[in-house]
Structure formats: C-alpha cells, structure tokens
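Trainee: Okay, here's what each chain looks like letter by letter:
There are 2 protein chains.
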Amino acid sequence: MKKINIGIVGYGVVGSSVVKILDKDREIITQKSGLDINVKKVYTRNWNRKLFYPIDDSKKAKTVDEIINDKDIDIVVEVAGGIEFPYHLITQAIKNRKNIVTANKALLAEKGKDIFSLAQKYDVRIGFEAAVAGGIPIIKALREGLVANDISKIYGILNGTTNYILTSMYTEGKSFEQALKEAQEKGYAEADPTLDINGTDAAHKISILASLSFGGFVDFSQVYVEGIDKIDTLDIELGRELGYTLKLLAIAKSHGEEVEIRVNPTFLPSWHPLSKVDGVFNAVMVEGNNVGETMFYGRGAGGLPTASAVISDIVCIGKSIANNLGRDLEITSMDWKHKDLTLTKVKDFYTRYYVRFTVPDITGILAKIASVFAKYNISIAAVIQKEKILKLQKETKEKVVPLVILTHTASENNIQLAIKEIVSNKYSVENPVIIRVEDEE
Amino acid sequence: MKKINIGIVGYGVVGSSVVKILDKDREIITQKSGLDINVKKVYTRNWNRKLFYPIDDSKKAKTVDEIINDKDIDIVVEVAGGIEFPYHLITQAIKNRKNIVTANKALLAEKGKDIFSLAQKYDVRIGFEAAVAGGIPIIKALREGLVANDISKIYGILNGTTNYILTSMYTEGKSFEQALKEAQEKGYAEADPTLDINGTDAAHKISILASLSFGGFVDFSQVYVEGIDKIDTLDIELGRELGYTLKLLAIAKSHGEEVEIRVNPTFLPSWHPLSKVDGVFNAVMVEGNNVGETMFYGRGAGGLPTASAVISDIVCIGKSIANNLGRDLEITSMDWKHKDLTLTKVKDFYTRYYVRFTVPDITGILAKIASVFAKYNISIAAVIQKEKILKLQKETKEKVVPLVILTHTASENNIQLAIKEIVSNKYSVENPVIIRVEDEE
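Heads up: the sequence lines are chains A and B, in that order. To get the numbering used here, take the position in the first sequence, counting from 1, and add 1. To get the numbering used here, take the position in the second sequence, counting from 1, and add 1.
These aren't lab readings, by the way, just hints derived from the structure by calculation. Where hints are given, some of them may not hold.
[Stated by the list, open to error] Just a few of them, taken from the derived set where beta-carbon distance is under 10 Å, the chain A residues facing chain B: (1) LYS33; (2) ILE137; (3) GLY216; (4) MET296; (5) LEU305; (6) THR364.
Small disclaimer: the values here were computed from a predicted structure and weren't measured. Just so you know, even glycine gets a beta-carbon here, dropped at the ideal spot from N, CA and C.
Given these sequences and hints, build the entire structure.
Mentor: The structure is reproduced here in structure tokens:
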C-alpha cells in the first residue's frame, strides 16, 4: 500500500480535525482509498496554546520551511487562513513540486490566477473542495459529476453565519443585532464577523464556483457584493406577506459572453428549495443543460465537515501520486475556456425587485410613484401599503407609512433612475430599501 | 489529446441521449476533460424503428460481438436494460478487458458480486453513476467526496414514478389508480410500471448505495420491499393531520454488525427536507460521522439527466485509460470491507409506526386496543379517532370508523404480535393499515 505523506500548515479547528479524523477513522479511510495517509508534520504559529486535538511532539514543525522543504512530503495542506502568508507558502511549496490541498477561499478567489498558473507550470494539483460549502462535495460534482453539462446558473447559500442570522430573524422576529449576538454566543459567528456579514466570504466562494462553471478566472474586485447588516426585520415580515423568504444568495449566471456574479440579500419564493435551508446549513443549486436542476445540501462550516472535504482531496490527489502522475487526471480546470470571465455590470442586472418606500400618508402618493415606474418601463407585480404608522416625519411631523412595490423583471439601471426621481420628488421621504427577488416569471 | 472509443449497447432514450450530448456538447466536454470521446459503434436489437436521435449508418452494429470484440473500443456502455442479456454481454466484455459503464441497477443489485469480482480479475473499471438517482452524482459523492466518513444511514426518494404518484395523491387528493393513469399519460410511468410501483426499482438502487456505504455485497433476495399500490388516500390525509407526508423511502442503516435495508411507504415529518421533494425528483440523504447530514437532489430519470451521469463515468474512466491504468484509481469498491453485508431481519426492525384500525363505533374499543399495545410494550404517541363513518360492516351492519395510532419507537415483532391479537379479538374488523414512520424522538 502506497504511503502518502502530508504536511499541515495551520492547526486550528480545521487542521486539528483533519488529524483527528485520520486517527480515529484510519481503518475505513485506508480500506476505501487503498492509501496509507501519514501526517508527517504540522505547523502552527504558536504551539504553546491549548490544542483542539493532541499531536506528537515529533510532528510539530517550528517553521513552515520544515514542511515545504521536506522531500518526503507529497501534499501540503493549507488550513491557516489569511492571504499573504498562505500565498507565499503555497507558491513556495508548488515550486518545490508539492501538491496542495487548501480550504482558503479568499486566497483562491483573489489570487487564484497566479496560483493555478504556477501549479500548471510545475505539474502539481490543487485540491480545494473544502474552500466552498464545507463538507458538501460541490467542487467534485461540478468538475467531474456534471462534466457533461453546460452550466447556465449556479447559486446558493454559501455562508452559514449569515444564514443562521437570517433564519433567526425570520423565525423568531429578532433584530439583526440580536441575531448576530446570539450567533456569536453559540459559536456560529466569529468575534469579528465582518467578512461573513458583508457578503465577502460568500462572494469568494461563488467566484470559485463561477470559474469552474464557466471556465475562466474572475477579477474579484469587480464582483458585486452586498451584505445583510442593513436588513430590517420589517422587510422580512413584508416579504413573508408576499410569499417570500429572505436569504443571502450568491449567484452566478451565464449570459453568453458575460457572466453575472453577485452576492446580495434576496427574496426567494417560499416554495423554493433554498428558502427551506435554515440555520448554519449551506446549499448550492446547479442548473445544467442536460442534468436540469440539482441541489447539494449540508454543513457549510465546522471542523469535521471541512476536514471531511480536505481528506477527500488528499485521497484523490494521493491516488495521482501513487500512480506517479501530475495533473494528468484533472478534470475541469478553473480556466477550461482559457479566457477570463467578463462580468456583467451592475447597471445591466436584470431581475425582479422589492422596493420599500417610506411615504407620507396622503392621497395620491401611490399613483405618483407608479407613474414614475411606468415612465421607466418598470412593470408592477404587487403592492402592499400598510396603515401602520412607521413614525412621524422629522421636520413636518407628518405620518409616514411603508409602501412596498414588487416589480416584474426590470433593469437595474431603470430601477435606479426611477428611485432617484421618486426620492428627489420627495414621494419617498427616505431612501427606499431595495431587495432583489429571484423568482421566475 | 487522447481519443477514447466507446461502444454503446442499447439505443433507446438513454443511449440516444448519450450520443446526442456527445454531439451537441462536444466542445465543452473536450475542454473540461481533455479527452476526445468517440462513439465508435452502437448496437440495438432493431434498427428499423424510429430513432430518438439519428446516427450514421457506419456506426450501427448488427451484433453485440461487433462491439465487445472490437480491439479499438475502450469502454462498453450498457444502457439496454434487463438482466440476462446485459449480464452475458458485460461479462464477455470484461473478459475482453473492456471497461464498462452501465445504468443498469437491476443487474448490479442482483448480479453485482459476480460482475465486480470479474472486473477485479481482469483489472477493468465499472462505472455506474447512472444506475442510481439519474443525473445526481451520488455515487461519486459516496465513493470519493465523502470517503473520509463512516456512513451511518443513507436514505432517500429513489424512484420518480412513485414519487410523482404520491405527490399527486397528496396535493390533489387523487386515488392511486387516478394518479398512476395520469403519470402514464404524461410519460412518467411506463406501460408496465410494476417494478416501480412495487418498490423493486428503489430497492435495487438502495442496495447499491448500501454496498458503497457499508462495504459489502447485498443478497438482494433478502431486502425488504413494499410498494405503494395499496396506499389509500385516507391514510395520506390522516398522516397530514399528524404532520406527516407520505413518501416511498429507500433506507439503509448501519447497526454495527448488521445493516437494515428496506423500501417502504414512509411517513416523514413535514419539516424534513425529503418531504418537500415532489414530482419526479429524487433526493438522497447521507449521514456521515464527520460531514453530518448532506442531501443530493435532482432529476432521477429521463434521457439527458441519465446520459449526463453516463458521460461523467466515461470521462473519469477515460482518464484512467489515457494514463494506461486499470483499476488503480478506484476509490471505495462495492466490498471495501471484504465481507458480505448481514441484513437485519424484518422482525428486528425497530421504528415508529402509524397503524390505522377499522373499529366498531362502540364505547371502550380504544381502551381495549391500547391495553394490547401496552401488553407488548408499545408506547402510544398520538391517536386520531374520527367520527366519520367509513362504511357499514358487512355482516352486522354496524358502523365502523377509522382509529389511527401513532407509536413511539417499537419493535416490528411486537407490533405484529399486538396486531394479530387485536384482529383475532375482532377489535379491528379489518386488517389494519401499517405504515412505518421515520421521525426521530
């Protein structure tokens, strides 16, 4: 049986879960894979802290170089996080002809082009199943299982923290701040949850999925990202009345020459499978021209689920190594069309919209707003006007009420122009809340 | 670029969809896989019928031998169906050192042990992604994506025909006969739907999934199978009142040394993700010790979805061939524990039950039935007794009404003993309806 030596950089929750599984489930992994996977060395910045899982002193590396320069190590597993440090380490390891397994979505989304080109040059493989949707084998499904499909759309719930928060706002009526606090107390949100809350984490993941689906690298700085920090419970309630559930969706759609990639809070019809994905679970829908609609669901984070994905990469790449192969077995590279993706500009988004205005409670205001929408060719699908008084307007002490308009499919550009006109005419006394709606017509 | 020659046996809906996709999506499949997949020959019993997709005369084989004896053919794709004919053809092809891709669940469930042993001997691979859940890449997920998991349970909706029928009984109140007729009219049920309706098709599929999950071959004749042909709309309605949806579930659970495999109509709580899988869609839940709960959802049948799975196997096995490898790359064989699975006997099933008795409308009958349940240590979780008169009893012309008992977890043996006693005491004037309930306590 072929022995595969791995070196692990990063010994936090994920790194220690990898070691733990390779210990406790050694027998079944060996039986299934025919490989003897040996953790040769592990590096972490500080060995003098409490470890999640014990490791023999002989395996503790004091420097990263001990791992990337070890001639016997076949695969370097990067589960340290961050960007600069792992970028340096991974590029060095590749130059030493190490295969790489990483859970680092930020790194791959922002520096993927460099890293994958280098891997090509040095004929090594990069496994990144753990970078997207934790334990769900979505990367393998896209690359191999659905290889015979022209993907038109891939979208899903890719961040467990924000889904936990939105679920608790929806089911328990909590405010964003309350829900975030609770998520932190339960360990579902980090002390600094910025990258989760503002949508960046989901955007990293959808950028990776978009590359595999559409065959080119993404300029991450051009991806449209909107988080959930400004979501008001009121909109969740009003959406529910219209038959919608609010989710932070990460979406990538092909429009022929262009690809639309965005992360934004999205109203989904309540019957939609993703609207039932609650709490910290993730789910990804893939639409292929032959397979139709498929969905992959599971735990998107956590030590053991993520380590499950890391080890599946180790096994698959280990099989290549055991047969003295480099990249020969790889199916579906990140740039299989050999052309960077051209992203659709925000003004060219074309979708349905939920717009909540805050309007003075006077006769005729709906007619005025509706006429501006008509002027910009925006067709109205539904309206909710509530008697409930939101508050008194600051200056005039007039009553103001929420007025919600659900549109048919419209262009983002026209929506923005219409809203600008409505606000400048003071038909809405505040900037309206705009939430995109993913619902076929 | 390596050319992979395939020969296809069977040119019905699936076979012609394989050829169609390899034609229309040739460019992307080549870009993703780096392989040139060439359909060298196709065999079907009768070329003088209307074909679903045209094929060049030069590729039409008149005998199967033209394919299995063709030295240039690398992979034989069997999409003919049946058991005896494909068994003969596949074993011959293996002896000629052809790799095999098949969509034939019946063959693999009933003759898998022979076929996989032969493949081992001749060092060829067998791809069967298309045999279970159509286009959903569940086989690859189990073998590779979830390789680092000890699977405790795998269950799901694996037959689209019966799910279409049950969905239409649930949502439209149709009778089984009406729903079946409609399914046949829409092409979702075959003219002879026996193997779908009686649960055999789902049982074939779950047996294959059980082998991969638990690492041994299954004696298919020992698998417990119950179909949906006796399902009454009344039970669907009463189940709904208790918060349950009826699905034909295929279930495989590990109990240490034994594996429980069964297909039966099952009440699932309405919140369960599988209870929302409607119409012809399939879905499989997998519970792994590290990944937790995952679900895979998509179209379980149809030409293009199934062909999508067939081609993913052709690509993966094609990569082996392109690198002059045999079975070297295979991860997770059907008998990775090198021991046949020991199946749990029916009397040792241990689950929750819905039992509908038909009882005379007289005082004290519930107490009598409850006392029999108590005698056999069966704890009652809920009761529905309806005033609605079902019918008059034949002989005595007494009124009879439905009495439903939902139990806590109980042994099948005790349930059967209790029911025997209840019926022999004429507390129930008809044999009760028994439906298993999959709901954690």
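Trainee: Each hint should be assessed against the structure and marked as holding or not.
Mentor: Against the structure, the hints come out as follows:
A hinted interface residue such as LYS33/A counts as satisfied when its beta carbon comes closer than 10 Å to some beta carbon of chain B; here the least separation is about 4 Å, so the hint holds. Taken as an interface hint, ILE137/A checks out: its beta carbon lies about 6 Å from the nearest beta carbon of chain B, inside 10 Å. With its C-beta approaching chain B no nearer than about 7 Å, GLY216/A sits inside the 10 Å limit, and its interface hint holds. Hint on MET296/A holds. Least Cβ distance to chain B is approximately 4 Å, under the 10 Å limit.
Against a cut-off of 10 Å between C-beta atoms, the interface hint on LEU305/A holds, since the closest Cβ of chain B lies about 4 Å away. Given the 10 Å rule on beta carbons, the hint for THR364/A is violated: about 43 Å separates it from the nearest Cβ of chain B.
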